[in-house]
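Participant: Take a look at the letters that make up each chain.
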Amino acid sequence: METPTLTHIKKIAEGDEDFQSSLILILKRELPKEFSSYKDLIKEKAFSKASEIVHKMRHKIIILGLEEGHKIASQLENELKKGLLTQHHNSFTKIIATMEQFLEKIN
Amino acid sequence: MNCIIIDDDATARLIVSQYCKKYSHISIINQFENAIEAIKFLNENNVDVIFLDIHMPTFSGFDFLKTISNSPSVVLITSDKNFALEAFEFENVVDYLVKPIEEVRFFKAIKKIENLALNYNNTSVNTNIPNDKELYVNVDRRLVKLSFSEINVIEAKGDYIRIKTDLKSYIVHSTLKKIEDKLPDSIFLKVHRSFIINLSKIIDIEDNTVLIKQDIIPVSRSKRSELIKRLNLL
Numbered sequence: 003m004e005t006p007t008l009t010h011i012k013k014i015a016e017g018d019e020d021f022q023s024s025l026i027l028i029l030k031r032e033l034p035k036e037f038s039s040y041k042d043l044i045k046e047k048a049f050s051k052a053s054e055i056v057h058k059m060r061h062k063i064i065i066l067g068l069e070e071g072h073k074i075a076s077q078l079e080n081e082l083k084k085g086l087l088t089q090h091h092n093s094f095t096k097i098i099a100t101m102e103q104f105l106e107k108i109n
Numbered sequence: 006m007n008c009i010i011i012d013d014d015a016t017a018r019l020i021v022s023q024y025c026k027k028y029s030h031i032s033i034i035n036q037f038e039n040a041i042e043a044i045k046f047l048n049e050n051n052v053d054v055i056f057l058d059i060h061m062p063t064f065s066g067f068d069f070l071k072t073i074s075n076s077p078s079v080v081l082i083t084s085d086k087n088f089a090l091e092a093f094e095f096e097n098v099v100d101y102l103v104k105p106i107e108e109v110r111f112f113k114a115i116k117k118i119e120n121l122a123l124n125y126n127n128t129s130v131n132t133n134i135p136n137d138k139e140l141y142v143n144v145d146r147r148l149v150k151l152s153f154s155e156i157n158v159i160e161a162k163g164d165y166i167r168i169k170t171d172l173k174s175y176i177v178h179s180t181l182k183k184i185e186d187k188l189p190d191s192i193f194l195k196v197h198r199s200f201i202i203n204l205s206k207i208i209d210i211e212d213n214t215v216l217i218k219q220d221i222i223p224v225s226r227s228k229r230s231e232l233i234k235r236l237n238l239l
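Protein chains in written order, with the working numbering: chain A, 3 to 109; chain B, 6 to 239.
Be careful, since some hints might not be right.
Unchecked claim - In silico BS3-like cross-links for lysine-lysine, where the CA-CA straight-line distance does not exceed 27 Å:
no., chain 1, residue 1, chain 2, residue 2
1, A, Lys51, A, Lys73
2, A, Lys107, A, Lys83
3, A, Lys73, B, Lys86
4, B, Lys183, B, Lys113
5, A, Lys13, B, Lys45
6, B, Lys117, A, Lys51
7, B, Lys86, A, Lys12
8, A, Lys84, B, Lys86
9, B, Lys26, B, Lys173
10, B, Lys113, B, Lys86
11, A, Lys47, A, Lys83
12, A, Lys83, B, Lys86
13, A, Lys13, B, Lys218
14, B, Lys27, A, Lys12
15, B, Lys26, A, Lys12
16, B, Lys71, A, Lys13
17, B, Lys27, B, Lys116
18, B, Lys71, A, Lys83
19, A, Lys12, B, Lys113
20, B, Lys162, A, Lys13
21, A, Lys96, B, Lys86
22, B, Lys117, A, Lys13
23, A, Lys12, B, Lys173
24, A, Lys30, B, Lys27
25, A, Lys41, A, Lys12
26, B, Lys86, A, Lys51
27, A, Lys96, A, Lys30
28, A, Lys30, B, Lys26
29, A, Lys13, B, Lys187
30, B, Lys86, A, Lys13
31, A, Lys12, B, Lys116
32, B, Lys45, B, Lys71
33, A, Lys12, B, Lys218
34, B, Lys187, B, Lys27
35, A, Lys73, A, Lys35
36, B, Lys26, A, Lys13
37, A, Lys13, B, Lys116
38, B, Lys113, B, Lys26
39, A, Lys12, B, Lys162
40, B, Lys173, B, Lys117
No wet-lab data here; the hints were simulated from the structure.
Predicted model only: the values in this text are computed from it and were never measured.
Extracted from the complex, chain B is given alone in its bound form (with noise of 0.2 Å):
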């Protein structure tokens, strides 16, 4: 999905697209600080998703929606609650996050994006090439082909699970169990109800937690034991 973010706060606007980066499906193709400049890039490029900032000088957010012709699908992005009412007569507005925005949330709105702007085939673990190197995800309908010696952490998110390796997230519509069925089992194990590490990937094992990378992931106690005979202990 290609996505711009328009809002005159600088912090914002870097801060929308840290969360952004923890999907492989979302790309910020430019950011704006003053919704006029935006209106000349939509007239010329494809957007799937505006991030707007509805309190904005000379131009607000919804005077842009007011200007703009076939919008994208947008989520609004506000300091203030009072404008939820408002926001929501215009039907490409998809969600409303309020300033400081939550990842939780953040992720809510992507999800809702995904359901209603792209139409998207339910992504989902392929069960459908079997292979003992690797694993096949669905993201936004891009088959992605992930190494098992590539992952190192699984984690479960709702309804989504999200696969770590060092050098990008997915987010993939699955269960832990479903994954887990998929994973090798001399690689990798599953340490807590959220999480399924890869085990070659731990760097220190202190108390109840693991360290994976800059990750701590919790062990729960009665997996413990199973991990430490996994181990080769000295």
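Excised from the complex, chain A in its bound form (with noise of 0.2 Å):
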């Protein structure tokens, strides 16, 4: 499985660490308020706003450098979209906590 990294955002800050740190922050900040609303929303079977959620965290994915976990979110959108619910729900579910454990970890 492939691990989140920060060279994307690195890349961007061009070593400006204030633009780093804040980017860090609101994803510490936003993707567990966003992971808990698709958890509620898969509960209730409100499978169309659960695919507007994870449309909004493709973006946070793929810049913590998760090319194929965005590709896994992109399929898992689709098929929330028509209504469907796959194994793809599981495989997204353990990205986003990887992503929560990688950022916990840093300061």
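Can you join these two chains into the complex? Each is in its own frame, and there are hints to help.
Facilitator: Written out as structure tokens, the structure is:
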């Protein structure tokens, strides 16, 4: 399984530590909230709304360098739009959990 | 250029702002997480460019474009490649960027905006003001004075050069060759086909690289001996 990295963020930052810290802060703040909303919507079987949350989370996945994770999220988003809940839901859950663990370790 | 960003994703807004910081002639004057708030702002303020996300809940980027009249130039930003055809049906859409936005691609969008929306006079290094202490560069029809002593590095970027100082970076439509001719040899050295450095700003040299502020600049093999000659070696 691929692991998150800060490579993309550092490339954009070009040494600007304020920018890097701000971006990581947003990720730390928003990712758990969005993930929580996603899980609630799945429980409620509100798949269309859940697809919108997944769409928003996709950008966070790709800026942490998770290209495979991004593909899975895209597939999940399309399936949810069609009202389907497949095994991509479980994969997506694991990806987000990995991202949260990664972000927790960053000061 | 006065710009606004409309995107419900804060990370995307921050990244676009960060890219814009590198252009002295671009000011992000406001940011919005929904398009409806932006409409109110547009009615009361002069905006040249909108960086607009397509996929937003309740009121999408396309809904926004259908609503506003006399829109300024728009650069669409999206995670989906599939909207491109629909996007260019709106006449004010200048470019279409797919997330994650790469800097090179963002740079191209800025270039398109400059060419189309502003009908700008070719920005160029001004050749009419001889001086041995400073240089005037034309940035968005504004002549900006740069003292030689404040310039750290000049980098070739396609048809443009990026002039880095401690405080700012300036993107100027010119070539490394043109600006090299305007710089005093006593202070500056072209160390690579894409880089001219201010010798007084070197922090250290290691193998084939030079550290200037936070930038690691490559040194061509052919330029290394010339660089070493120019240093006051102990």
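Participant: Quick check: which numbered hints come out false for this structure?
Facilitator: When the structure is compared with the hints, numbers 2, 5, 6, 16, 25, 29 turn out to be violated.
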